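Chains as they are written, first to last, in my numbering: chain A, 1 to 291; chain B, 292 to 1060.
Any given hint could be a false lead.
To be verified - Residues from chain A shown here face chain B by an in silico Cβ test under 10 angstroms; the list is partial:
no. : residue
1   : R2
2   : P3
3   : G155
4   : L186
5   : T193
6   : V196
7   : D206
8   : V258
9   : D260
10  : V261
Rather than coming from a laboratory, the hints here were simulated on the basis of the structure.
Please read these numbers as outputs of a predicted model, since none were measured by experiment.
Even glycine gets a Cβ: it sits at the ideal position worked out from N, Cα and C.
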Amino acid sequence: MRPLPEFKLHRPTRLSEALELMGALESVKPIAGGTDLLPLMRDRAIAVEDIVDIQELHELKGITVEDGALRIGALTTLTEVLESPLVAEIAPALREAVGHIGSVQTRNQGTLAGNLCNASPAADSAPALIVLGAQARVSSARGSWKVPVQELFAGPKMNSLGKDELVTEILIPELPSGSGAAFEKLGRRRGITLAVVNAAAYIAMDGKKCVDARIALGAIAATPIRLPEVKATCKGKELTPEAIEESSRACYALVNPVDDVRASAEYRREMACVLVKRAIVKAHARAGGGR
Amino acid sequence: MRYDRILEDLLNRDDFLVVGRSVVRTDALDKVLGRAKFTADYVPRDTAVVKVVRSPHPHALIEGIDIEPALELPGVQMVLIAADIPGENQIGYALPDQPFLNDVKTRFVGDPVALVVAADEGSAVEGADAVRVKYSPLPSVLDTVDALRDGAPLVHEGGNVALTTKIRKGDIEKGFSEAEAVVEDLYDTPYQDHMYMEPEAAYAIPEGSGKVTVIGGMQSPFLVREKVAHILGWNLNQVRIIQALTGGAFGGKDDMGPLVCAKAALAAVKTGKPASLIFDREESVAYSNKRFPARIRYKSGADKEGRITAIDVDITLECGAFANRAPFWLWRQTAHAAGPYEVHNASIDGRAVYTNKVFGGSFRGFGNVALHFAAESQVDRLAGELGMDPVELRLRNILKPGSRTTCDQLLDHSVGIEECLTKVAEASRWSSRKRKRNGSKVTGFGVSCAYHGISTSRSTPDWSAASLILNQDGSMTYRTGICELGQGAPIGHAKIVAEITGAPMESIRIEVPDTDSTPNAKPTHGSRGLMLGGTAAADAAIKLRERMVNVAADMLGCPEGEVDLRDGKASRKGEPGETIRFPELAEELYHRGVSPASYGFYAAPKRYFDPETGLGVNYSVYTFAASVVEVEVDTETGLCEVVKVWPAMDVGKAIDPLVIEGQIHGAVSQGIGFTIMEHLKLRDGVVLTPGFKDYVVPSALDTPEYAPTIIVEEPYQHSAFGAKGVGEPAIISIVPAITNAIYDAIGVRLNKLPATAEMLHAAMRGGAR
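So that you can see chain A by itself, here it is in the shape it has in the complex (with noise of 0.2 angstroms):
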């Protein structure tokens, strides 16, 4: 095995310490819980000259809720993000999504703002943030602003952030009562397992009738993707198992995947149809849809 490129670490204990290092260094990565960036500097696929490990700036750990909208500090693992009754009951489909993301012992090592940071076009908690309308904070040495989860993605394993700059929270919106947002994978394996694609939905009911939907589709395309086609072919209708199997099918034109060891192009679009009619499903029934 090829051993880990040398590099120099700082571990700083203030944000804005770490920012100013992200700043003033010229090669430069964060690094949090690590599963994925060591790996990828073993394999020579990301060299720098310094690494500024965040793990002590105990500021960006937690999960909190401000005026009905989840705050989850980036430093927050995955196996927190999993227990917590707040994901649970505020974003059930989150909570899905990380239950599928790699392994009990990956789980507990990296965040979910590593999983989103680390843009794989297969991340699992994407999908499920996407829809939910979730938002990162971003933070460098000139300030923090908020971007949508969806830019963050630039392609493959290629993220938006310039080099200075830091996810510190994930924020996602309470969302309106009526509705609900739902996750599906599918994998090679029941789990430890990149998705061959994977799915998640967003249905707001009034009544019977569809109000809004939200798509977003991984591993299907250079980034996770979302299908605003599908939003229009549910919007006034009654969600019926026939109005959403006719509104999944139409993902089979929408994407546009490529063949690799895990799966063919014809088969991840067919999955990709399974998959949403599925999340649909489970989304409009979390939304009250049918009683």
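Fit chain B to the given chain A structure using the hints.
Just chain B now, with coordinates in the frame of chain A:
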């Protein structure tokens, strides 16, 4: 002597002390706590690191090797090529077709060309990258169909067929003419990687001049010694091999042990300093031996009563770049071709074919997985054609005492397959099974039988040895060349020793195999570790026991026949009052000059076969298994999950039921992986899935529910307490049981494994019922 009657005839007891009971393994705690030492744990910091320079081409002539650029790097100590080998540059197992380091041509992506010895891992990797090998690529053959074409590029001089096998029995034309139903199909099984937790590793230490010690992961220390000596051009006694606890092997390390240990040994001897070679996962998956792929054309017929009247089987085995174990593998497939059924008319042909791909090799089941996949699919299809229940058709053909095998071998005893099948059908309520549909998911049930000849194929002489010392304090030191690979065979030996000598389990220390002091037990393969090795242990224990009884009888003042040895004490039967504890007894042996050490040796009954017809006595005994499996298939995604397994096995005699259950559960997971998940993908001979990320094996989450293991005991007369091997038989029946269950669920039969979700999805689209 009747080894199955030791308890009655020798020990004169009607109860077992430890045999047949599930005991906590004496090595369990160290393994759970991480204290057990594996090869890499022995390697001191700053030991030189060996890295293999490998061919990037599937087939190429070597025009030149320039090692200078590597030697110029600061950490690189030495670069070794073919010309540096003091002995013979040849390490083929069955045929001399595998150079140790290539200097003429390379035959697969990964074929070794040079060894870089460096101060550390980083320098070794850089050094390997810096060696300049000038290749002239040759046209390559990447599957057996291409390899068999006229004018195909030759992997080896002499043609792409490494060897052939055949059996001719009865008259198949007559047999097929009597058949009511005839079915014929092609069955393809792929590579499978062993994916042991511990990759291949060796650590070699030069001992002055003319001696080297190698510590490594392996399955046959004496084979490793032979190969290391051969490469070094030394005598066997100049090479000391120590088998470190091995973190999984499954056959793979039987072949890889010599290859890896010899490289470390050559580096250590040439540099005069200790050297280690530890594969990473990528090297292990891309370049180490795999389960041989096979394509089997199988035609079989059955009459109205469901009797199988004839089989006509044609087996094409893909060797990859070297024959390695192919002669033994192909012969095993040929010899087992009918499955555990009596078929009087059989014609079987086999050929092993070279290609320019990673070489095949030993793997649990050794040919019988692919063979039974074909044979047991055929049996189910015959039942379908005849409108007969698959269990019923099997029972009408099943081997019984007095039956003859595919090779016309008479089975006079220890044939428990009928009981296995009957009991497993009862336990699973086979006759009242019902398919269930739950949304898009459908369940189905499948059944399969299996048999597996224990120990080596091709009538190779088979024997084993062990030694036992009673120390002055009454403790015992036991030595066997049978390796602990996780399976627990040496613990089984210790139980046999404990049963015969009356020593407490915890007082018996099992030494690691060391060729300088351990008797040669022959390899830990072919499910022979417990059966052959354990019978040698019994022989050693019986000899020591005789002396212990003799001295104890004198001390107790009673006839020898009345001495009872148990719980570390000798007493007179029926009079437990006066006892002699083993420390006292041991002292007395030493004091009287009675040898406290014994050497056990056991030779299996002779076997033979006629090369013209393939008929004869091929294996001294067979282990039998039957499984029922319930699967659930998602008809929308094609994803198949194994829900529940009902296992049954005729083990002769269970030395430890818990160890048997461990073997079965592990084998079921490995079988599930082979059938529905594991997929080694190659492009132009390059392995595209060299790691756990994309070579998907079952995880703990994919473990099915298990019905209690049905253990059938039809003792074998020539093994200790009648025990037969279980390691390999456990995987064989599970594979066709799953595919038969998939057919039951969705009406789709995939003859090409793996039946991944995508493959099943496509097959359902093609022809769902």
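Hints, one by one, checked against the model:
{"no.": "1", "hint": "R2", "result": "holds (5 angstroms)"}
{"no.": "2", "hint": "P3", "result": "holds (5 angstroms)"}
{"no.": "3", "hint": "G155", "result": "violated (20 angstroms)"}
{"no.": "4", "hint": "L186", "result": "holds (6 angstroms)"}
{"no.": "5", "hint": "T193", "result": "holds (6 angstroms)"}
{"no.": "6", "hint": "V196", "result": "holds (8 angstroms)"}
{"no.": "7", "hint": "D206", "result": "violated (28 angstroms)"}
{"no.": "8", "hint": "V258", "result": "violated (14 angstroms)"}
{"no.": "9", "hint": "D260", "result": "holds (9 angstroms)"}
{"no.": "10", "hint": "V261", "result": "holds (5 angstroms)"}
In terms of the numbered hints stated before, the structure departs from hints 3, 7, 8, listed from lowest to highest.
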